[in-house]
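Protein sequence lines correspond, in order, to chains A, B, C and D.
39 is the number of the first residue of the first sequence in the numbering used here; add one for each residue after it.
110 is the number of the first residue of the second sequence in the numbering used here; add one for each residue after it.
217 is the number of the first residue of the third sequence in the numbering used here; add one for each residue after it.
567 is the number of the first residue of the fourth sequence in the numbering used here; add one for each residue after it.
One or more of the hints may lead you astray.
[To be verified] Short, incomplete list of chain D residues facing chain A, as computed with Cβ under 10 Å: (1) S1398; (2) R1401; (3) K1404.
[As the list claims (entries may be wrong)] With a straight-line cut-off of 20 Å between C-alpha atoms, the simulated EDC-like cross-links for lysine to aspartate or glutamate are: (4) C:K688 to D:E1485; (5) D:K1104 to C:E575; (6) C:K703 to D:E1485; (7) C:K688 to D:D716; (8) C:K688 to D:D1490; (9) C:K704 to D:E1485; (10) C:K946 to D:E1485; (11) C:K821 to D:D642.
[Said to hold, decoys possible] Residues from chain C that face chain B, not an exhaustive set, calculated with beta carbons under 8 Å: (12) T856; (13) T862; (14) G956.
Rather than coming from a laboratory, the hints here were simulated on the basis of the structure.
Heads up, the beta-carbon is just placed ideally off N, CA and C, and yes, glycines get one too.
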Amino acid sequence: MASSVSHLDPMPKVSIRAADDTVAAQALGLAFGSAEQRDDTLVVRIRPDEWILLGTGALALAAELDLSGYASTVDITHARHVIRVTGTHAADTLAKLCSADFDEAMTPNGAAWGNSIAGVTCDIVRDDHGGERSYLLLFDGSFVAYFLGVLEDAAGEFSSDS
Amino acid sequence: MLLVPCPNCGPRNAADLSYNGESHARPDPTTCTPEDWRTYLYLRDNPSGWLRESWYCSSGCRKHFTIERHTLTGELRTPILPGSKPGATKGETK
Amino acid sequence: MLCRANPAGDGAAQFGDGIRNDRLRFAETAEPDQRHPCIAVGCLHVGDVGQLEASNTCGYQRNALTGCDKTHDGGVLGRLDRRVVTHIATAHECPDLGVQRRRTLARESDEGVVPETTETHRSLCGDCVTDGHGNQQSIMAEHIGLHGRTHGDRAGDANVDRSVGQRPSLLVGRHRVEFDTYIGPCRPEAMQERRDELIGGRVDETEPESTPSADTKLLGSPQHALRRHEELTGMGEKRLTVGGQSHSTSCPLEQGETEVGLELADLLAQRRLSDVELRGSSPEMELVGNGDKGTEAAQRCQLIHSIILSVVVDLLLHHYRSMRQTAEMGKHKPPARYSAFGLLWRGLRKQSWPRIWREPEFKSSYDVVIIGGGVHGLATAYYLAANHGITDIAVVDRAYLGSGGSGRNTAIVRSNYLTPEGVAFYDRSLELYNSMSNDLNLNVMFSERGHLTLAHTDSALRTMHWRAEVNKLQGIDSSVIDPTEIKKLTPSLDVSTHTRYPIMGALYHPPGGTIRHDAVVWGYARGADAYGVDLFQQTEVLDILTEGDHGSGKVTGVRTSRGDISTPVVVNCTAGWASTISSMVDVRLPITTHPLQAAVTEPVKTFLPTVVVSGSLHVYVSQTDRGELVFGASVDPVATYNMGGTLEFTEELAGHVLELMPGISKMRLLRQWAGLCDMTPDYSPVMGPTPVDGFYVDVGWGTYGFKAGPVSGEQMAACVANGATPDLIKPFELSRFTEGNLVGEKGAAAVGH
Amino acid sequence: MSHRLPASEGEVLDRTKTLPFTWNGKKLEGFEGDTITSALMANGHHIISRSMKYHRRRGALTADYWDPNTTVQVGDEPNVRASHRKLEAGMQVSAQNVWPSLTFDIKAANRLVGRFLTAGFYYKTFMKPAALWPTYEHVLARFAPGGEVDLDTPHGRYDKRFAHPDVVVAGGGPAGLSAAIAAAEAGASVMLVEHEHRVGGHLLWGTEQDRARAAELAAAARTAGVEILTNATVTGRYEDNWVAISERSHPGVIERLIKARAKTLIVAAGTIERPYVFEGNDLPGVMTSGAVRRLITMYGVKPGTQAVVFSANESGDAAIDDLRRAGVSIARVVDALTGERIVSATGSKSRVKEVLLDDGAKITCDLLVTAVGWTTPTSLLNMAGDRPVYDANAARFFPAGAPDNVLATGGMIGDGALDDLLEHGRSTGELAAGRAAVVRHRLQAATARAEAVNGPEPAYPPDERVPLDRWPHPELFRAVTHGIVDYSEDVSSKDLYSAAAEGFDSVELIKRFTTATMGPSQGKLETVNTVAVLAQAKGDSIADVGTTVWRPPYAPISLGALAGRINEPTRRSVIQPWHEANGATPILAGQWVRPDHYGDPAAEVRNCRENVGIIDVTPLGKLDLQGPDVPKLLSLLYTNKWMQLPIGGVRYGIMCAEDGVVLDDGVTARLGEEHYLMTTTSSGAARIWSWIEMWLQTERPEWRVHVTPLTTGLTSINIAGPNARALLGRLTDIDLDNDAFPYMQVRQGTIAGVDGCIAWRIGFTGELSYEIHVPSGHGLAIWERLLADGDDLGVKPFGLEAQRIMRLEKGHFIVGQDTDGLSKAPVTGLDSLLRLDKDDWAGMPEVRWSLESRDHPVLVACQPDDGTVVPEEAAQILRSGTNEIVGRITSSRMSPTLERSICLAQVDRAFADAGTSLEILLVDGRRITATVNEHHAHFDPEGERLRG
């Protein structure tokens, strides 16, 4: 598929806020702007002081964290939805709606950042699968009807050469 | 579109950020005179030249920062996060 | 262009263009003297001299129209028609009604117009347009004389000046025509005689009189007349198909008829437009055409009519203005009055117009220095001179006049503001705009086309109601209308409910409209210049000189790129740059400078009759007479002095405009630009004195400065001249900010247009 | 196709494909590859338009995009550039702005009065009487130029995309191609944008060798990986090299806007051939040399039979060769370089007939070709800040300097043989790639998510290009006669002279006064001639007169392309589909689509008051606040006190901006030791979140508070009515007993078996009510459970309108409706919430002074004395018997509960006391009276119901 858009089933998601000097921050690690798969959980350092855990193990992983100091967790499973855009034209699809540079050097696999896509504020994670370009888009779930429509419209251009 | 160098995220389209305008110190509300307070509220230098102002990286790192911008040429320099020192951040491309 | 007797016989002639009859306020309800010129024209363009005369002399339209109908019978009609057009374009003929007339010839002198000779008016009037065979002006003179008798007493609208020796007189060009007596009411017999004369007796045009008199000199040599004549001829035959019928005419062109005459005569007078007619009776008359062609035909020929109309009306009213000006304005005398008559005259004489304003010498001292040569600065200068006799004024601008917001705005005017302060203020401005063309003798092209502010949400609709209610109490014509009425007024709007931003209603403000912004600048500049105000372009203010402490003290002068000027009074009218000027005297303002962007499309045939504003969609749009759509938006969020413009502006604009009018996606954006807006926290201006003695501000004009130009000039002039802030601008003083008395305009000013 | 030449090597036509089309209704044929103009001319139609003001007949002048004389209507599309638009089968082409026909246009009569219609004539006339101006105006509007819009045109598919190329090259002529190849070979990603339908520029109408070189270059560019966009235009260069590209050749899309953040922009726009100003210069048959060369070589069109060529340069000379080749006889070559000049041209209605030379010769011809020099289209450079400078030796303007990231090459900056141009292009491409690499390095180094950069930043390459020559060229702008300067606006040099004499003697003023350069070609053809004529008129040099600034766009761009796919985000709660399936009328509130009502809002109100109703209030802003300093934050942002709120407590608060104006309101609950849930108004949610972040980050960085928006994460349902407790009790494990869970308290527990639900007892409706917040994945199920389980309790959904009525019955104000942009907190009348005994809170000083002065308006509840009359919201309240405004109705409804009209109003303080009679002016002009209530609440002022 040149570019496919799929709305992922609700998967557990946790937001962890932690200052640099906390145990939780040390435990989560990662550089700001990057993501890493750890077992069944994708750990994303989406902001300098915020990590998002995605996947079946997210809640468990969050529960294990030592939240001493200035750290907190919020279950955002229901607050944010996830859409995955995959395919050789995944980046082209997003480039129709998002001002970010999807070039390999600027947003390599594992890059994570916040951006606006078609007017919806998203956290974007480059999460290639099997060597195929793929992006996870986390966004406020109330936009889902609108957002899916817009993404599918954008991807439509690339569906013929799938 | 102006490219605004967020101290955290790097250069971003201005539309990705929120503009908060001229930076100015807040007077002590318990002791200030009406004139002080209203100067803070309303009066502005509004220079045609370098201006220190505040931006919010609303779709990126969600941090407020200050930056100097030349209001005629659009040049930007020395972005600073609150509490950090000038020059301590990367992000200038100009 | 069809003029037909009103079957109802109620005496109301129609200017039969079939369009906007409602705007022609010369039906029954109008004052006779208001409708008179219109009637003359309404008949005139059907093309009959007799009819013109009839309407002029008797003042009763029905007679005129009867005449009109009659003259359309018979074979001579075509020629008559052609002659009329000729006559309009080039000449008038002199009827002899046996009236005793004397004429005073005048010559120009330093003092202005001075009567030089008088003579019995039987010959050529030298100062008017002619085809070279004489006495054409007298019909107009006579008309006015008669008209003056019946209506000329009315103050302010007199067509005849009665101040000169108790005798009615008329200034035509530089000539004063006096009338010893008036004739009595128009006699039908006389009219008939006249008509017979015109139809039967062809004036010999091949041998124009060439009396070696002043008349002739002014007229130009016979050779010249002949050359003109040759220039205007050139088409022997014309074939024209209108409404499916073919018509051809050949005519002898040696009569001096023009191609214009031929084409119009064919098209209009011959009634080949049989598929077009006027139906109904005043004031609901409409032009009914069988198919587009008929209507098109009616509409297409009207520029010429308008010019003709304008010439005639100008002639009729010319002397009144001139006299008033001479009498009232003292040394204020623009070098040349603008009029259709003048255009015609200069066009024929191949004479160009004098400079619109002088190139004055830079003096080292002025009573008042105004910084900023836009509408505000120039209007302030003009009113200081016109209303207060203060003329020792320098207006300085660092670029050319009107280079700032005055020339960059989208020229929308309205007075339907939210607060009583705002309403009173802008309404005065609208009033001044309404009479500006005549006050300044320069057509500012005020297009009173109605202003719609759309509401897409409950809360916007509530604000519209709020504004309408406040407006109503202030006597402003403003009301909330529903989508059905919106659709009627502006069919191109999508009023369906399925859109992202459905149109739920609108604030409708019929007096709102657009004005040619440059013309306003030039009008004030020319007006001020005529009073002796010195205008300096390309002159940048580098500093303001004061004595005493910074931020208080007293103004002593201004340092400019052309040198220092000593002056006790400086007025800051620099809008977007207001802070940079005020900072020279350490006066801090509640202002941030933001660009307001605008854009214009390629022209298309007009389809948008109103000004449309949508606050929720941050867009306003109107269509110029040239067919371009002019768009604006709200100010850019980021404060800047950079006027480069942005792509995002055009993207958002297009998206929102297409929400409102989905059918125009194929129109193209031609040009975008930006102006600088001096935004204040309460969306209201800052006017009046400052803590620095002699330093006045007229700033904070945000996105509404153009609308307020005239009233601001008038009030600032009063403020400077009297040393006291007039009541109308009291709410806008700088001190309101430190006192916490902000004006409540913010509530409704998301998009201030 | 009577004027079609035999097929030749250079033509771009596919003569095997014949395309039928119509011209003013007449059926014609052209070939694949034709432009509309070339197809028309091949069919012998030389008159393509009428001029704007005088309606003079006009034929092709430049035969390219900028041709001002070949604008036509194609179907429902106005103002199509016929010399650029490719012919398509079935096109319906017609002339614009003519009546009754192109060949006989009645408005041509205007030219006979032309001497009176001097530039700006309309400023000088039509003034009197004022009452007639609308008529004049309407007539003038009838003369608007341009085509016609079909308002039923559907919004076709337009699109957009972003791009981040290293180098954008504007212009696909030899220099541009060479630059693109060099940049790509140096490792840059390159986007080449060519305005025409194929790359190659002037090589395409040059010699056979030229065309071979063009083909080689195009192939090399493709090999190097250059992204080539043809029939595309760089329409603008904005701040920081934000480059707008309009692409009209993308499959499936009418026009596409590409927004490219170019690291370097190369402008290789070439030159535009200037027309010559002389009497008769707009007669059909007068063309530029480039026009005839393109028509002959590329389109196989014979432009005339007998030509006079006025040539000052090699382009003119080449045109002579082309004309000869096409079988056009050359009646005379007027060699400008030897001082020969043309004076004027005369013609018949349809064609130039005779040319008068300065030696007195009169030459008969039907084609007059001029080659008098070039205009440099510096538009994109102007947008980058460049101010071009005139070079009298070369008789054209040259760029004077743009920012480092904008480079010019090719004919814009000089002259040279093809190899010189290619070499300059090549060095420019390399320079651009080098500079782009530095920018890319810096970007990557500064961007958190980017790959780590390898090695140190590359050196910033200096500009060491060998400049191109500037060949001398005679200054040829105007003959001794006057002619048209701006074809699309019908402005003549005579107009410019008279405007200058009138004092409009700077470029900007003359432009505004005469409208020269303001027409659809935006001065591409006209600007230099305008400047030159003005200079002549003033006796100044061209350099002194200067030039005007070209504003974007470079070429017009459709509104459709600028709009693209119209994407306006909307939000919906998980229950919204249910609402719409169950008869709710949707209403758009901000971005949210919500149920306004289910048919009868009054019945919904009554059901709440009598039984129980449920409403979906998900859009209510919800912020999760955690940290030890939350109470301080709340105290700082709300006007009332928060330090002592116990766990399980809920409190209402008002927030002010620093000027004391009411910003937002809502309730906040304490869920745990350091855990709070704040609610905001629906529209205020995003604003309050950044407001809090601003305070935390800039004013109180030492405070420890984490803020997480949870608006959508929690589906919020308000259960209101006497049966609310019974209903909720059936679904939850939370003890709902009034003592265990009193008014203004919060509890957590399970609802319908779902963990992590929150319920609080508050009373916006004035009824006993619980607002439950449940994880939104379960929102719909719980909503349906409430309705199913409460059927016997009379539960029914209610919408926004019913809620608004009930809150008005209770006298609760709505921020932004009952308050406005200047309403400081004391206006609400809730003085007890304005705690001046706190140290600090946002807006406190202004609120304090406002309370001290007591000169502010105040919100009151009032009831019309005639309870059947509902004053409109916004109806004004007047001092009795006068027109003096003393207040206004801010909310009003017919109360289903009280069966009478009720209102909230803002009134001056003097009218705020209970029992005061207010005079209200209704919209229909009637005046009614109303009486001020003692309480804001019209109903149950003691709050017995909600506490019950």
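Structure-based check of all given hints:
With its C-beta approaching chain A no nearer than about 33 Å, S1398 (chain D) sits outside the 10 Å limit, and its interface hint is violated. Look at R1401 (chain D): its Cβ only gets to about 29 Å from chain A, farther than 10 Å, so that hint breaks. At about 25 Å, the closest approach between the beta carbon of K1404 (chain D) and any beta carbon in chain A exceeds 10 Å, and the interface hint on this residue is violated. Of the pairs offered as hints, the one joining K688 (chain C) and E1485 (chain D) holds, with about 16 Å between alpha carbons and a cut-off of 20 Å not exceeded.
A threshold of 20 Å between alpha carbons decides the hint, and for K1104 (chain D) with E575 (chain C) the separation of about 14 Å falls inside it, so the pair holds. Taking the CA atoms of K703 (chain C) and E1485 (chain D), the gap is about 35 Å. The hint is violated against a cut of 20 Å. Proximity of K688 (chain C) to D716 (chain D) is assessed by CA-CA distance (about 37 Å); at most 20 Å being required, the pair is judged violated. Of the supplied pair hints, the one linking K688 (chain C) and D1490 (chain D) holds, its CA atoms being roughly 11 Å apart against a limit of 20 Å.
This hinted pair does not check out: K704 (chain C) and E1485 (chain D) have alpha carbons roughly 35 Å apart, beyond 20 Å. For the hint linking K946 (chain C) to E1485 (chain D), the alpha-carbon distance of about 28 Å lies beyond 20 Å, and the restraint is violated. Pair hint K821 (chain C) plus D642 (chain D) holds up; C-alpha atoms about 13 Å apart against a cutoff of 20 Å. Proximity of T856 (chain C) to chain B holds as hinted, the smallest CB-CB distance being about 5 Å (cut-off 8 Å).
Contact between T862 (chain C) and chain B, as hinted, is supported at the beta carbon level, the nearest pair being about 6 Å apart and thus within 8 Å. This hint holds: G956 (chain C) has a C-beta 6 Å from the nearest C-beta of chain B, less than the 8 Å allowed.
Against the hints set out earlier in the document, violations occur for numbers 1, 2, 3, 6, 7, 9 and 10.
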